[in-house]
Amino acid sequence: MKRSTNSRHRQKGMSSFGWIAVFGIFALLLVMFFKVFPMYYGNYQLKGALEDLAVDDRVDPKSKREIWTSLQKRLYINEVRSIKREHVKMERKDGKTTVTVDYEVRDNFIGPLFIGGHFVESTVIDR
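Residue 131 in this note's numbering is what sits at position 96 of the sequence shown, and the numbering runs on without skipping anything.
Simulated from the structure, these hints should not be mistaken for lab results. These numbers were taken from a predicted model, which means no experiment stands behind them. Even for Gly, the Cβ is constructed at its ideal location relative to N, Cα and C. One should not assume that every hint holds.
BS3-like mimics (lysine-lysine), calculated; alpha carbons at most 27 Å apart, straight line [as the list claims (entries may be wrong)]:
hint	residue 1	residue 2
1	K97	K131
2	K82	K119
3	K108	K82
4	K128	K108
5	K97	K82
6	K99	K70
7	K70	K97
8	K108	K97
9	K119	K131
10	K70	K108
11	K128	K82
12	K47	K82
13	K70	K131
14	K124	K82
15	K108	K119
Ranges between beta-carbon positions, derived for each pair [stated by the list, open to error]:
hint	residue 1	residue 2	range
16	D161	Y79	41 to 51 Å
17	W103	P73	47 to 57 Å
18	E86	R120	14 to 24 Å
19	W103	D161	11 to 21 Å
20	P73	D137	40 to 50 Å
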């Protein structure tokens, strides 16, 4: 009886393997955060650029070139580089222009694995 009580008092904390496992999980979560956060931040910047585009009176809603140029400038200022011209679709119907951006972002994760996201944002220019 005395022997088992004595061994319980000797156990004080995690073993080195336990600490390595905790550190590994923490490092994996940290790497995931630094890979995923820029994707969502870029999408947040795109939403802001589309909202600004919808209220900007200097942009002619009938001109696809002017809409793309204005959107491209806003994205360039905000360091969003993942959106290309082929991701942007513009439709004019009943005096309203709908600008839709449908794009995918991929980033290397670990080895042959990657992390990706698919985003679709749109705005209506009513002028």
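Hint-by-hint comparison with the structure:
1. K97 <-> K131: With a Cα-Cα distance of about 9 Å, the restraint between K97 and K131 holds, given a limit of 27 Å.
2. K82 <-> K119: Distance ~15 Å between K82 and K119 Cα, so the pair holds.
3. K108 <-> K82: holds (14 Å)
4. K128 <-> K108: holds (25 Å)
5. K97 <-> K82: Between K97 and K82 the Cα gap is close to 21 Å, so the pair holds against 27 Å.
6. K99 <-> K70: With Cα atoms ~33 Å apart, K99 and K70 exceed 27 Å; violated.
7. K70 <-> K97: Given pair K70, K97 is violated - Cα atoms ~38 Å apart, limit 27 Å.
8. K108 <-> K97: At roughly 18 Å apart (the allowed maximum being 27 Å), K97 and K108 satisfy the hint.
9. K119 <-> K131: At roughly 23 Å apart (the allowed maximum being 27 Å), K131 and K119 satisfy the hint.
10. K70 <-> K108: Holds - the C-alpha atoms of K108 and K70 are around 25 Å apart, at most 27 Å.
11. K128 <-> K82: At roughly 22 Å apart (the allowed maximum being 27 Å), K82 and K128 satisfy the hint.
12. K47 <-> K82: The hint is violated at about 52 Å.
13. K70 <-> K131: Violated: K70 and K131 sit about 37 Å apart, past 27 Å.
14. K124 <-> K82: holds (15 Å)
15. K108 <-> K119: holds (12 Å)
16. D161 <-> Y79: 41 to 51 Å: For D161 and Y79 the Cβ distance comes to about 23 Å; the hint is violated.
17. W103 <-> P73: 47 to 57 Å: 23 Å Cβ-Cβ, so the 47 to 57 Å window is violated.
18. E86 <-> R120: 14 to 24 Å: holds (20 Å)
19. W103 <-> D161: 11 to 21 Å: 19 Å Cβ-Cβ, so the 11 to 21 Å window holds.
20. P73 <-> D137: 40 to 50 Å: This hint is violated: roughly 19 Å between Cβ atoms.
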